[in-house]
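Chains as they are written, first to last, in the numbering used here: chain A, 1 to 466; chain B, 1 to 468.
It cannot be assumed that every hint is accurate.
Output of the computed footprint for chain B on chain A, the stretches with three or more beta carbons under 8 Å from beta carbons of chain B [to be verified]: (1) 94-107; (2) 338-346.
As a list, the in silico DSS-like pairs of lysine-lysine whose alpha-carbon atoms are at most 25 Å apart [claimed, not checked]: (3) A/Lys276 / B/Lys463; (4) A/Lys460 / B/Lys463; (5) B/Lys363 / A/Lys169; (6) B/Lys193 / B/Lys149; (7) B/Lys102 / A/Lys169; (8) B/Lys116 / B/Lys149; (9) B/Lys69 / A/Lys276; (10) B/Lys132 / B/Lys69; (11) B/Lys69 / B/Lys124; (12) B/Lys102 / B/Lys176; (13) A/Lys155 / A/Lys169; (14) A/Lys169 / B/Lys281; (15) B/Lys176 / B/Lys116; (16) B/Lys132 / B/Lys148; (17) A/Lys460 / B/Lys176; (18) A/Lys276 / B/Lys281.
Keep in mind the hints are simulated off the structure, nothing from the lab. On a predicted model such as this, the values are computed, not experimentally measured, just so you know. C-beta: ideal position from N, C-alpha, C; glycine also.
What follows is each chain in one-letter form.
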Amino acid sequence: MGAVLTPFNLIFVLLLFSAAGFYLGKRQALSVSQAEGGPAALHSRPTYYGTLTSLWCAIPALIVFSLWMIIEPDVIIKLVVSQLPLEIQTLPADRLNLIINDIGNLVNGNIVSGKVDAVMQMAADHYHHLRGISHAALWVIVLVMAMGGTLAVWKLISPDLQARNHVEKVVQVLLIGCSTVAILTTIGIVLSVFYEALRFFKMIPLTDFLFGLEWSPQMAIRADQVGSSGAFGAIPVFTGTLMVSAIAMLVAVPIGLMSAIYLSEYANRRIRAVVKPLLEILAGIPTVVYGFFAALVVAPLIRNAGANLGISVSSESALAAGLVMGVMIIPFVSSLSDDVINAVPQSLRDGAYGLGSTHSETIRQVVIPAALPGIVGGVLLAVSRAIGETMIVVMAAGLSANLTANPLKTVTTVTVQIVTLLVGDQEFDSPKTLAAFALGLLLFVVTLILNVIALYVVRKYREQYE
Amino acid sequence: MSNQITSTVKEQGVKPGQATKATQNSGTADSNAIKTPESTGDTDALHRSPAQTAEIVEKGLARRYRSEKRFQLMGVSAIILSLMFLSILFISIFGNGYTAFKQTVVQIDVFLNPEKLNVDHLEKADYQGMVKESLRIMFPTVKNRRDKKKLYGMVSTGAAFQLRDYVQEHPEDIGKTIQLWVPADDDVDMLMKGHIQRGGLEVNRRLNDMQISWVDRFMEQERIRKRFNVDFFTSGDSREPELAGIWGATCGSFYTMMITLLLSFPMGVGAAIYLEEFAPKNRWTDVIEVNINNLAAVPSIVFGLLGLAMFLNFFGLPRSAPLVGGLVLTLMTLPTIIISGRAALKSVPPSIREAALGIGASKTQMVTHHVLPLAMPGMLTGTIIGMAQALGETAPLLMIGMVAFIVDIPGGFTDPSTVLPVQIFLWADSPERAFLEKTSAAIMVLLLFLVTMNAVAVLLRKKFERRW
Chain A
1 MGAVLTPFNL IFVLLLFSAA GFYLGKRQAL SVSQAEGGPA ALHSRPTYYG
51 TLTSLWCAIP ALIVFSLWMI IEPDVIIKLV VSQLPLEIQT LPADRLNLII
101 NDIGNLVNGN IVSGKVDAVM QMAADHYHHL RGISHAALWV IVLVMAMGGT
151 LAVWKLISPD LQARNHVEKV VQVLLIGCST VAILTTIGIV LSVFYEALRF
201 FKMIPLTDFL FGLEWSPQMA IRADQVGSSG AFGAIPVFTG TLMVSAIAML
251 VAVPIGLMSA IYLSEYANRR IRAVVKPLLE ILAGIPTVVY GFFAALVVAP
301 LIRNAGANLG ISVSSESALA AGLVMGVMII PFVSSLSDDV INAVPQSLRD
351 GAYGLGSTHS ETIRQVVIPA ALPGIVGGVL LAVSRAIGET MIVVMAAGLS
401 ANLTANPLKT VTTVTVQIVT LLVGDQEFDS PKTLAAFALG LLLFVVTLIL
451 NVIALYVVRK YREQYE
Chain B
1 MSNQITSTVK EQGVKPGQAT KATQNSGTAD SNAIKTPEST GDTDALHRSP
51 AQTAEIVEKG LARRYRSEKR FQLMGVSAII LSLMFLSILF ISIFGNGYTA
101 FKQTVVQIDV FLNPEKLNVD HLEKADYQGM VKESLRIMFP TVKNRRDKKK
151 LYGMVSTGAA FQLRDYVQEH PEDIGKTIQL WVPADDDVDM LMKGHIQRGG
201 LEVNRRLNDM QISWVDRFME QERIRKRFNV DFFTSGDSRE PELAGIWGAT
251 CGSFYTMMIT LLLSFPMGVG AAIYLEEFAP KNRWTDVIEV NINNLAAVPS
301 IVFGLLGLAM FLNFFGLPRS APLVGGLVLT LMTLPTIIIS GRAALKSVPP
351 SIREAALGIG ASKTQMVTHH VLPLAMPGML TGTIIGMAQA LGETAPLLMI
401 GMVAFIVDIP GGFTDPSTVL PVQIFLWADS PERAFLEKTS AAIMVLLLFL
451 VTMNAVAVLL RKKFERRW
């Protein structure tokens, strides 16, 4: 029985009810209209009555369902804990959580960390029992609500009921809900990252983080160990990020810009039809592939070239990561510049041609200056992309935070540090883990500023020529 | 007035610098006038006859055409350079990867000893021992303990499982000697594929001379061959390169993509419809719009941080689950879908809307019955492109624990699993040479998926795009 009455199955039953509600509502509308001379007497088309019925069947029940699912575990855990022996109840919070976890694992048939004793088994049985009751109650309540909603609308149906307007209002609310998800995401990012970062800054002062020159986030377990206190100065991490991004931009901006110019100003339609999709392939390749390529092909190539010239090059040099990242960004720069170059009115070009300037002179002295704000905006977006790029640097750049200006040495970046700090086991009260969130916050803020400026510039520029 | 025009002509047509150089070279008498047009005023230029001007212009022409050529050449070389990168990338990955679709197998004769196989407990028998015994029989001269260990290492540890499966399927064969093709060890595989050189110092090789002589014996007896690598497509991850496959990661990717599609498509379309068709133009919708554009440019790893802090720590959802991965990727792809959806709605001409309203449709009816069907192909194209991005995304999934080593094939939305790009990342980190080709092969499979998705998007656009 317990296996049938799962919340998951309930959703299916609810959908069936809702479909039945649609059918009932539609039939009722048709039957009440009969007395007044057929469906034409109804305010709305019959399907709207059906839809309204099914909505009232499903939506209140769904709301109750989700609230129940959110509250249920907490209530059950409280009840289970209150049944536990007193010596367990008075344990410190984290130990108690461990036991509660074990009880949950026991119930779900997972592997339990400690050994199972009678108390645990009893608690688990109790948990199981309570959950069974709760699910049964949920089934009853949700289905009663579904039927109640259906019945209420069913009774209300009359030729005067403005079913369409009601349905449209519900649709409107749903649409608004969809468009606020984007806002909620931003708020979620800010809150979650900010909250954890704040906990970090409680342990490590903000100034130490922003202006410190040493980054070694390894915290020792015991205070008397070597290197017991980690250093959280973000400057080397930032300079590393900047260096890799700068190398990437040195590759991407000239190549991307020149290919955009050639494609939009010189190339004929046939060449454009072939080359543009090929460049877009570069944009579509997953970054993990670029990372693999950088580590497998480019880094050894640079190291060997350096060895032949007698220069020692680290196998995880900033140059390799930056070069490959630049290649990744080429299509990004080129498609953005392509857009802005195409937005420059033809009249400007014609004017320059009329004065006798050559094609390249027109481009260099008329088109590019006119498109410059848009190009700058695009480049800023590309920079923000380079700063936030993760996989290439994780796979091809190093881990050690060197404060160096030599692109042949190993540097580390913000994203690499976030990944290394957060992949694997984490404890959420150590500055080592929280440092990742502080870095994440800075990454978010920096890219946000770049994006806002870039988007503003691009938008303003578009308006200028519209 | 005319002065200004002339000076513009000069700046646009003949750069002052160029003109100066040209005239200096020719050394004509009135070169002074052109040398400093600003200081002397353009009076001299005005006094020049058309013939003189033409002469000056013509002198600069060769130079200007050369610079024109240079400029064009720069454009062409930029394009060639980026296409070269693309081809090097593809060639290096395909060159490394195509061999992974073949697998070296070794034929062994196994005596299914009835004493060792209890019919009631077939799963408990010592199959590893039986495989070892058959190898010992094949090479009776190997006596040394160390050498024996090397000998057992010639076939994969997967051989024992394969034998077990065989015996469970054919219990009637117990007591007979059967011939079984089992996967060879990854080093043997690499030798057969030529990635381990036979020559050179023995210590530099993963296989010593004796092991290579065993491989030669296998070859003489035609007991070793390469076959299509089915395991690569049907098995989960493994520490042994010869047993590792992408099916587990593919399933994980599938479940993750299902969640992403189911959530992001309706929400994205809904948001696009609201913003484009219903929203009043006010500060609030402006905020939403700027916000969506920003979200599209937020680094993907930040979404991973959100997923970790919100979905795992706050809501307590399971780690490594496609459910959470799907949620994170939904938030990430949503802006892409909304932006492309709005563009698609924008391209529907207002006349359609006016006609619908004119015959008495409500605004919602106008959108759902007329505008949305016309904008659907564009929205679908945007969704497919967003999905392709999500399929290749790695970084945020590392944050929510999808980077774990998972052998089992995930069977649901909450089972721990990994996805294709993360699998590539994990394999790329492995030191074995054999994983290099596996990684490249997995990349080829991933690229195949992406190319297919993008091709579908392009076809969709071609087929349904309407120019109004």
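Hints and how they fare:
no.	hint	verdict
1	94-107	violated (count 0)
2	338-346	violated (count 0)
3	A/Lys276 / B/Lys463	holds, 20 Å
4	A/Lys460 / B/Lys463	violated, 34 Å
5	B/Lys363 / A/Lys169	holds, 11 Å
6	B/Lys193 / B/Lys149	holds, 23 Å
7	B/Lys102 / A/Lys169	violated, 60 Å
8	B/Lys116 / B/Lys149	holds, 22 Å
9	B/Lys69 / A/Lys276	holds, 22 Å
10	B/Lys132 / B/Lys69	violated, 72 Å
11	B/Lys69 / B/Lys124	violated, 78 Å
12	B/Lys102 / B/Lys176	violated, 30 Å
13	A/Lys155 / A/Lys169	holds, 20 Å
14	A/Lys169 / B/Lys281	holds, 19 Å
15	B/Lys176 / B/Lys116	holds, 13 Å
16	B/Lys132 / B/Lys148	holds, 9 Å
17	A/Lys460 / B/Lys176	violated, 83 Å
18	A/Lys276 / B/Lys281	violated, 36 Å
Hints 1, 2, 4, 7, 10, 11, 12, 17, 18, counting from the list given before, are not met by this structure.
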